[in-house]
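Listed below are the residues making up each chain.
Protein chains: 2
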Amino acid sequence: MQRSPLALPFPDLGSIAGVRIGTASVAYKAWTRDCVTLVELAPGTVVAGVTTQSKCASPEVELCRAKLAGGQARGLIVNAGNSNAFTGLSGRQAAEAQAARVAERLGCDVGQVFSASTGVIGVPLPVDLALAGVDAAHARLGQADFLAATNAIGTTDTFPKAATASAMVGGARVTITGIVKGSGMIAPDMATMLGFIFSDAAITPALWQQMLAAATATSFNAITVDSDTSTSDTVLAFATGAAGNAPLASMDDAGADALAAALADVCRQLAILVVRDGEGASKLIEVTVSGAVDDASARRVAMSIANSPLVKTAIAGGDANWGRVVMAVGKAGEPAERDLLAIRFGDTLVAQAGAVVPGYDEAPVAAHLQGQEVRIAVDLGLGHGRARVWTCDLTHGYISINADYRS
Amino acid sequence: MQRSPLALPFPDLGSIAGVRIGTASVAYKAWTRDCVTLVELAPGTVVAGVTTQSKCASPEVELCRAKLAGGQARGLIVNAGNSNAFTGLSGRQAAEAQAARVAERLGCDVGQVFSASTGVIGVPLPVDLALAGVDAAHARLGQADFLAATNAIGTTDTFPKAATASAMVGGARVTITGIVKGSGMIAPDMATMLGFIFSDAAITPALWQQMLAAATATSFNAITVDSDTSTSDTVLAFATGAAGNAPLASMDDAGADALAAALADVCRQLAILVVRDGEGASKLIEVTVSGAVDDASARRVAMSIANSPLVKTAIAGGDANWGRVVMAVGKAGEPAERDLLAIRFGDTLVAQAGAVVPGYDEAPVAAHLQGQEVRIAVDLGLGHGRARVWTCDLTHGYISINADYRS
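Those sequence lines, one after another, are chains A and B. Residues 728 to 1134 (the working numbering) are what the first sequence spells out, left to right. Residues 728 to 1134 (the working numbering) are what the second sequence spells out, left to right.
Any given hint could turn out to be false.
For identical chains, the list gives no copy identity; a pair is met inside one copy or between any two copies.
Quick list of in silico lysine to any residue cross-link-like pairs, SDA-like style, CA-CA up to 25 Å [claimed, not checked]:
1. K756 - E823
2. K782 - A1023
3. K756 - I1128
4. K782 - S893
5. K756 - D1088
6. K782 - E1064
7. K782 - R1113
Derived by calculation from the structure, the hints in this document are not laboratory data. Just so it is clear, the structure is predicted and the values come from calculations on it, not from any experiment.
Chain A on its own, in the form it takes in the complex (with noise of 0.2 Å):
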């Protein structure tokens, strides 16, 4: 798979105090490469996560979500190449056997083990792969990198995605690094989000949940590829409160405002990456709504303008199709006056008032349709709602990578 034209490099990332990463290769699809990733965190480690809404997810997710309300993790184990999703009763064995083994190989309770999985569904994860790579991995903890755990959640990503933040929490500097894949493509499978964010912040599991949640609204909820979601997406975010900092356990205490943007910003650096490594994409797009009754219906007339096919090929044809706007606005269901909305392109106001600007200049718009990174903004005039969402181009290579290979 050709590296993604939006592609960023890799930032450069330290360690976390409290974590320890070992990546392990059981080869549950034909790669050589290491596709399986433990994680082991300190004792008193603290987890927040976020899990796909789909009625459809996968056992994995099924566990995360009942061993979220325990507040706390020692343990995190990541199959790449196989989802496990759909696999009726063996598939929940086999992810519970999994967790078991890590519970047993750390030392600590199954239920401080969390767990995720991408690629083929339906599938059942193979036990015995399964168990070996918890194993291997545990075997090699300590010598495996952030990047090195990145490469193996991977599937089809073409690009390594991760980012870093700090914040200086009553004296103490914290650290939040996030990992991320995303919307690569494995056969016979959807694509699936998962992002895994480290942290030496001491805090109480209510606060960092309540945190995540918020830096997710504005992120890792606020993109789209093609409109799809998978029955596998998941954001666990892990705090050893190693940084020594007073353990913060409320918005009111010092440094926690500080802390909750850290984590939005990596979250929204991380969700970003999702989309510049979206499937075929060739430019990204930032849709910005404004003027609308209240932020919830922003988000939804930006979504329908996000996941329009029409609005998406334009952009990837460079064709200055304000009409397509107008159309994806209308079909949202939304609060909206057609001779209230305004339309910019970049920084250029094409429509506004039901009609056209006067004296419609398209070249500025063209040029700024040549870049790879393109803005859409539309105020719908009615009200004080905003939002922010970030999507790609639909593009012949959408086609390529979901169409033209059998699986």
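Given the coordinates of chain A, work out where chain B should sit on it, guided by the hints.
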């Protein structure tokens, strides 16, 4: 534009008593073909209609909605090559002026003249051409048949689309003939569906509207090409009363059921023809969902499958990728239980009870997917809700039509 591989021959159509057609060329685009269609309807003709749910509807759509309340029609004017959508006050005035000219030529009330336009967005309908078109088409009234009208209302449709059916109503044979233009593209615009149905039935406006609304639910509202909704979608049904049947006023009247069934049949045929001419379509896909909690829920699940780019690209590739169907069910947001799901491709049960069937043999599924007509059936196992929708696959042709050519 290449003729769709899913095209069907144009049916043998007679005329409908009380309906006279004239077409003319005024070149809204650089076309020599006819692009204005005028239909004169006998006094007493009843009209029913359904229009786009877009919040950014064209002035023609707004005018139709207002006039439908009257229930009577004497004229229909259709422009191809300019949709007149998002054109502000001048577009509205152009539509009104053209309807007024039709009323003048036909000697009728302007409230009984219906308009529809399809084509480029954001350019006000040129009034001089619009009026000249009325005059020229009026001079040729009675000289055009349904095929000529079908060609004149088209944009980049790759084949003309029509259907007919008849019913016995109280001893009189009543005919229903419909023509439709579909999801051909006219840069730089979105596709628009316009459908016009003509019958010689004698029927009250209220009952005719009731029949059309019911027929639309399982036809025009049960198809999707790419999930995008035009600002101009319009279906109008006219009943001249010339068949001489005892006028129908209630579904309890003799023959009402037969007429409703014939209307539903015509609408369903027309809707499927639109999908068969979907941009880049190489396969017609029928998605049936049963076992939902209710029909509306079944429809939303079916549309989630039919709109999924990953499902549509898999079908394009002849890939028996039932995992993507699981994904599309899961993301629909409707009640669904993973472990109760059953999925069929063609006549083959693929997955049941949350897992692939034991001993699953892909061969018959792969054979089914080689055909031009693909059937996907999902049973949710929850209730008695059912829905059937149609879509087409997503191919390189779609990208080529919508991205490769600058407007």
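request  = Give the relationship of K782 and A1023 under a CA distance limit of 25 Å: within one copy only, between copies only, both, or neither.
outcome  = The answer is both: 22 Å in one copy and 17 Å across copies each meet 25 Å.
key: Up to 25 Å CA-CA - D1088 versus K756, copy category   = between (53 Å within a copy, 21 Å between copies)
task = Measure nothing new, just compare the shortest in-copy and cross-copy C-alpha distances for K782 and S893 to 25 Å and report within, between, both or neither.
result = This pair counts as neither: shortest intra-copy Cα distance 36 Å, inter-copy 44 Å.
query = Using 25 Å as the alpha-carbon threshold, which applies to K756 and E823: within, between, both, or neither?
reply = within (21 Å within a copy, 64 Å between copies)
task = Have a look at K756 and I1128 and pick one of within, between, both or neither, based on CA distance no larger than 25 Å.
result = Cα proximity of K756 and I1128: one copy only (18 Å, versus 36 Å across).
request  = State whether the alpha carbon distance between K782 and E1064 is at most 25 Å within one copy, between copies, both, or neither.
outcome  = between (34 Å within a copy, 7 Å between copies)
query = Is the C-alpha distance from K782 to R1113 at most 25 Å within one copy, between copies, in both cases, or in neither?
reply = This pair counts as between: shortest inter-copy Cα distance 19 Å, intra-copy 29 Å.
Of the numbered hints listed earlier, the single one contradicted by the structure is hint 4.
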